[in-house]
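Student: If you want the building blocks of each chain, they are given just below.
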Amino acid sequence: MCGIVGLFLKKDELRPRLGDMLTDMLITMTDRGPDSAGIAIYGDAAEGLKFTVQSDDPTAFDGLAEALESALGTAIPVTLKDTHAVLLVPAEQRAAATELLEGRGLRIMGIGEAMEIFKEVGLPKDVAARFGLREMGGSHGIGHTRMATESAVTTLGAHPFSTAEDQCLVHNGSLSNHNDMRRKLARKGVFTKTENDTEVGAAYISSRIAEGATLGEALEGTLKDLDGFFTFVTGTRNGFGVVRDPIACKPAVMAETDDYVAFASEYRAFADLPGIESARVWEPEPATVYFWER
Amino acid sequence: MPTLDMSRTELREVNATLQAAAKAQANEPFEITNPRGAHAVACGLDGALEVTVKGSTGYYCAGMNKDATIHVEGSAGPGVAENMMSGTVVIDGDASQYAGATGHGGLLVIKGNASSRCGISMKGIDIVVHGSIGHMSAFMAQKGNLVVLGDAGDALGDSLYEARLFVRGSVKSLGADCVEKEMRPEHLQILADLLAKAGADAKPEEFKRYGSARTLYNFNIDNADAY
Numbered sequence: 085m086c087g088i089v090g091l092f093l094k095k096d097e098l099r100p101r102l103g104d105m106l107t108d109m110l111i112t113m114t115d116r117g118p119d120s121a122g123i124a125i126y127g128d129a130a131e132g133l134k135f136t137v138q139s140d141d142p143t144a145f146d147g148l149a150e151a152l153e154s155a156l157g158t159a160i161p162v163t164l165k166d167t168h169a170v171l172l173v174p175a176e177q178r179a180a181a182t183e184l185l186e187g188r189g190l191r192i193m194g195i196g197e198a199m200e201i202f203k204e205v206g207l208p209k210d211v212a213a214r215f216g217l218r219e220m221g222g223s224h225g226i227g228h229t230r231m232a233t234e235s236a237v238t239t240l241g242a243h244p245f246s247t248a249e250d251q252c253l254v255h256n257g258s259l260s261n262h263n264d265m266r267r268k269l270a271r272k273g274v275f276t277k278t279e280n281d282t283e284v285g286a287a288y289i290s291s292r293i294a295e296g297a298t299l300g301e302a303l304e305g306t307l308k309d310l311d312g313f314f315t316f317v318t319g320t321r322n323g324f325g326v327v328r329d330p331i332a333c334k335p336a337v338m339a340e341t342d343d344y345v346a347f348a349s350e351y352r353a354f355a356d357l358p359g360i361e362s363a364r365v366w367e368p369e370p371a372t373v374y375f376w377e378r
Numbered sequence: 008m009p010t011l012d013m014s015r016t017e018l019r020e021v022n023a024t025l026q027a028a029a030k031a032q033a034n035e036p037f038e039i040t041n042p043r044g045a046h047a048v049a050c051g052l053d054g055a056l057e058v059t060v061k062g063s064t065g066y067y068c069a070g071m072n073k074d075a076t077i078h079v080e081g082s083a084g085p086g087v088a089e090n091m092m093s094g095t096v097v098i099d100g101d102a103s104q105y106a107g108a109t110g111h112g113g114l115l116v117i118k119g120n121a122s123s124r125c126g127i128s129m130k131g132i133d134i135v136v137h138g139s140i141g142h143m144s145a146f147m148a149q150k151g152n153l154v155v156l157g158d159a160g161d162a163l164g165d166s167l168y169e170a171r172l173f174v175r176g177s178v179k180s181l182g183a184d185c186v187e188k189e190m191r192p193e194h195l196q197i198l199a200d201l202l203a204k205a206g207a208d209a210k211p212e213e214f215k216r217y218g219s220a221r222t223l224y225n226f227n228i229d230n231a232d233a234y
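Chains A and B are the protein sequences, given in the same order. If you read the first sequence in the working numbering, its first letter stands for residue 85, the second for the next number, and so on. If you read the second sequence in the working numbering, its first letter stands for residue 8, the second for the next number, and so on.
Hints were generated in silico from the structure; no laboratory data involved. Glycine included, every Cβ here is placed at the ideal spot set by N, Cα and C. One or more of the hints may lead you astray.
The calculated lysine to aspartate or glutamate pairs, modelled on DMTMM-like cross-linking and capped at a C-alpha distance of 20 Å, are [unchecked claim]:
#, chain 1, residue 1, chain 2, residue 2
1, B, LYS188, B, ASP208
2, B, LYS61, A, GLU361
3, B, LYS179, A, GLU369
4, A, LYS308, A, ASP342
5, B, LYS150, B, ASP74
6, A, LYS334, B, ASP161
7, B, LYS118, A, GLU361
8, A, LYS308, B, ASP161
9, A, LYS209, A, ASP166
10, A, LYS95, A, GLU219
11, A, LYS94, A, GLU377
12, A, LYS94, A, ASP115
13, A, LYS268, A, GLU279
14, B, LYS61, A, ASP356
15, B, LYS118, B, ASP208
16, A, LYS94, A, ASP329
17, B, LYS118, A, GLU369
18, B, LYS179, A, GLU377
19, A, LYS94, A, ASP264
20, A, LYS209, A, GLU377
21, A, LYS94, A, GLU340
22, A, LYS95, A, ASP329
23, A, LYS95, A, ASP342
24, B, LYS204, B, GLU80
Chain B stretches covered by chain A per the calculated footprint, using a threshold of three residues with CB under 8 Å from any CB of chain A [unchecked claim]:
#, stretch
25, 38-45
26, 77-85
27, 100-113
Non-contacting residues of chain B with respect to chain A, defined by C-beta distances greater than 10 Å in every case (computed) [to be verified]:
#, residue
28, GLY65
29, LEU195
30, ASP200
31, ALA203
32, ARG221
33, ASN225
34, ASP232
So that you can see chain A by itself, here it is in the shape it has in the complex (with noise of 0.2 Å):
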């Protein structure tokens, strides 16, 4: 069992509130998953890309500002959140920020123009405090909290995880073909970073993307490709994606207002939006691609 969150803001004047209305909805989803919690924020593009980076040794940040400047030759903004840091790297110098971060043993969780990525081990409401996650706003954003059944309970194997820039997944249930699918990528020359199955899935979305496919295709696909459990929600640059598998045993219910379009595992999660007594409520058909983009 895990717990998933997605809102979508329709309009701006709800932006600064983005942060804190997905909090409340992440909290509410702590049954569902008490382990770990994480969230991806899509909030205004950056001019260069976002990188965000986590280490568990709070003294790997130290000299970390010093060391991209001296190495990149230009000043590198370093925003420190807990375990995590976002910094602002000019997008031709991706390859060389990854390099760097990398060789200081930071773990890179997700690159894009717009979004950020947080994730921890602990309760939602304490990941959530850690990271400040109500004082952000954004245009969009999906969270997790997750009860672990394919790998072990770290900061890697907390969701969304993010194969591509400004991509991410988060994901309710577990895949059966994940180390065949692996392998295959592979091949491809795709490379996941954990054991876990849902990176997998991440990294199959972003492969078909890359090789030309559109969201909604990357989508249909993982209902042919990808064997087991799952309800996927999937968040770009400029929105976000929903599909379950063809049994949908795992939860999933949508709310749509003027306002926002909002994903959850529970009804629950929807009780502190405004104007949830008039939105429209569903549940999403099985098999079935949905997503918004703006």
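With chain A held as given, fit chain B onto it using these hints.
Tutor: Quick look at chain B alone, frame taken from chain A:
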């Protein structure tokens, strides 16, 4: 009318209060406010009691109901009225998966749509869905009636025993051993009664009946080679 406000009252207290009132045959209707999608609301009532839930509920609302009448003025999450013995449960909105699963008796009315596995393993319950139902509904259904005014999803009535299935709209596909059957006068009568009880505006003649072909009841020796 006694009101239990779930924003201020713990679920256990809500259910204990309702269960005690049902047992005591108090007969005074209760109202539940602010359910906010909570799980297991109004479960295990054993006695005639009227309960109105003002809003949507989460998992397993009205489970194991006996004799009580529970009305949800919203939608219900997975497993509503699971293993109901008797009484009536009415959902004004939609119901999520496995509504009325394993129910032994009573009437479950869903005024919106029900999703997958509606009436799975039903054992005597009557279920009337004003809208449509999802895939694998009435899987291994043993007894009772499932009435659907809208459409049915894939694999309706797979491995069905003796439950009767009535669908007014289309059926995406029938499950193993489920077949369309002749609508006889006694079936029209059953249907007319259920539609009236469920406040459904439909004519019995508009429905088709589906049931078990009974070919899975006994082992077919011609299949011995398959094992």
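Student: Any of the earlier hints contradicted here, and which numbers?
Tutor: The structure breaks hints 1, 4, 12, 16, 18, 19, 20, 22, 28; every other hint is satisfied.
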